[in-house]
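Chemist: Sequence:
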Amino acid sequence: MAKVIYKAGNYVVLTDANNVDRVFPIGKTVYEETAGNFLISEGQVEREQLMIPVSDAVNWVDNDGTNYTEATFRDFLRTNTGFSPASGGSGAEWGDITGTLSTQTDLQSELDDKQDTLVSATNIKTINGSSVLGSGDLAVGGGGGASGFHMQLLPGGSIYGGALTQSNVWTGGSNYANQTSANQIFFFPFIPSQDFTSSTMRFNVNAAGAGDEARFCIYSHDGFNAPQTKLYESANIDLGTTGYKTITETRNWTKGEVYWLAIHMKDGVARIAGSGSNKPDTLVIGLLNSNRIKTWVQMSQTFANGAPTTASPNTYRYDTFIVEFN
Numbered sequence: 244m245a246k247v248i249y250k251a252g253n254y255v256v257l258t259d260a261n262n263v264d265r266v267f268p269i270g271k272t273v274y275e276e277t278a279g280n281f282l283i284s285e286g287q288v289e290r291e292q293l294m295i296p297v298s299d300a301v302n303w304v305d306n307d308g309t310n311y312t313e314a315t316f317r318d319f320l321r322t323n324t325g326f327s328p329a330s331g332g333s334g335a336e337w338g339d340i341t342g343t344l345s346t347q348t349d350l351q352s353e354l355d356d357k358q359d360t361l362v363s364a365t366n367i368k369t370i371n372g373s374s375v376l377g378s379g380d381l382a383v384g385g386g387g388g389a390s391g392f393h394m395q396l397l398p399g400g401s402i403y404g405g406a407l408t409q410s411n412v413w414t415g416g417s418n419y420a421n422q423t424s425a426n427q428i429f430f431f432p433f434i435p436s437q438d439f440t441s442s443t444m445r446f447n448v449n450a451a452g453a454g455d456e457a458r459f460c461i462y463s464h465d466g467f468n469a470p471q472t473k474l475y476e477s478a479n480i481d482l483g484t485t486g487y488k489t490i491t492e493t494r495n496w497t498k499g500e501v502y503w504l505a506i507h508m509k510d511g512v513a514r515i516a517g518s519g520s521n522k523p524d525t526l527v528i529g530l531l532n533s534n535r536i537k538t539w540v541q542m543s544q545t546f547a548n549g550a551p552t553t554a555s556p557n558t559y560r561y562d563t564f565i566v567e568f569n
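In my numbering, the protein residues as written are 244 to 569.
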């Protein structure tokens, strides 16, 4: 009958031309190519050994009757046994270091499928499903050299209430009634913890000021620790009564981006709910002795002239205001 080789359970079974079964346990069997032969051995002491001429491999079939080629026969042995490098003969012929791979066509095929070089802006590897070298650049922060400035906005945020988070600073406990000043802008940082879209923003007036007004603004980040360019400025907001003051403005917020929320005061009579200097819930933008700087202030910015296009804070304070997004 025809020569047969196949896998059965944890064994490689070979039936030779004399209809004799040779059984090799997979975990203990290795094969090597030497002197033009496939040499199959069980264990180091070679309790069982079988030599098959490489040229004879095309005469073997699997147990489904499919003929092997030399390449598929070799693939079967490589997959189902261990492998020892050839000890001599013509089983593996290689060119020199600058030559070709000679008869190792299966290895050459594998190499041909590989990308030659790492090319920026092409998908090469991913980490947790995200491409390391996808389209665009992989920005890596930090550094600046020995003479560079190194500062990080500490974790936290000035967002409370609504569907995103809850905080007893807004919904319970005691809110701090921040005193304001005329013709001043108060800037405080906000870093969203997720992408979201808000349709309204609001703050709470603890103490009203007859005739007093404010504008609510949003500024971009300067890349260090201060506001830069004005992104949004509301209409005048009446502070003549206490309670929530709502700004209707649909905005998309990007996770991890630094925004600066700002309140521009007219007379500075009204007081706005916020957290005092002893509250840990908001972002810290700097330290002065034992105090945490939480808000930049731009003085002498006449309310009637509007908020500046480019922020230029010139002092600071230790408390901050509370803004809710919905």
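Wrong hints could be hidden among the right ones.
[Stated by the list, open to error] What follows is a set of in silico ranges between Cβ atoms, one per label pair, in the way DEER data are often shown:
#, residue 1, residue 2, range
1, Ser463, Glu353, 46 to 52 Å
2, Asn253, Thr497, 25 to 31 Å
3, Glu353, Asn262, 17 to 23 Å
4, Ser352, Gly252, 27 to 33 Å
5, Thr472, Ala450, 47 to 53 Å
Because the hints were derived from the structure by calculation, they are not lab data.
Here the structure is a predicted model, which is why all the values come from computation and not from measurement.
Beta carbons are placed, not taken as given, at the ideal position from N, Cα and C, and that holds for glycine.
Chemist: Given a hinted range of 47 to 53 Å, is it respected by the beta-carbon distance of Thr472 and Ala450?
Modeler: violated (32 Å)
Chemist: Taking the CB of Ser352 and the CB of Gly252, does the distance hold inside 27 to 33 Å?
Modeler: holds (31 Å)
Chemist: Looking only at beta-carbon atoms, does the pair Asn253, Thr497 fall within the given range of 25 to 31 Å?
Modeler: violated (55 Å)
Chemist: Take a look at whether the Cβ-Cβ distance between Glu353 and Asn262 falls inside 17 to 23 Å.
Modeler: violated (37 Å)
Chemist: Is it true that Ser463 and Glu353 lie within 46 to 52 Å of each other by Cβ?
Modeler: holds (50 Å)
Comparing the model with each numbered hint stated earlier shows that hints 2, 3, 5 do not hold.
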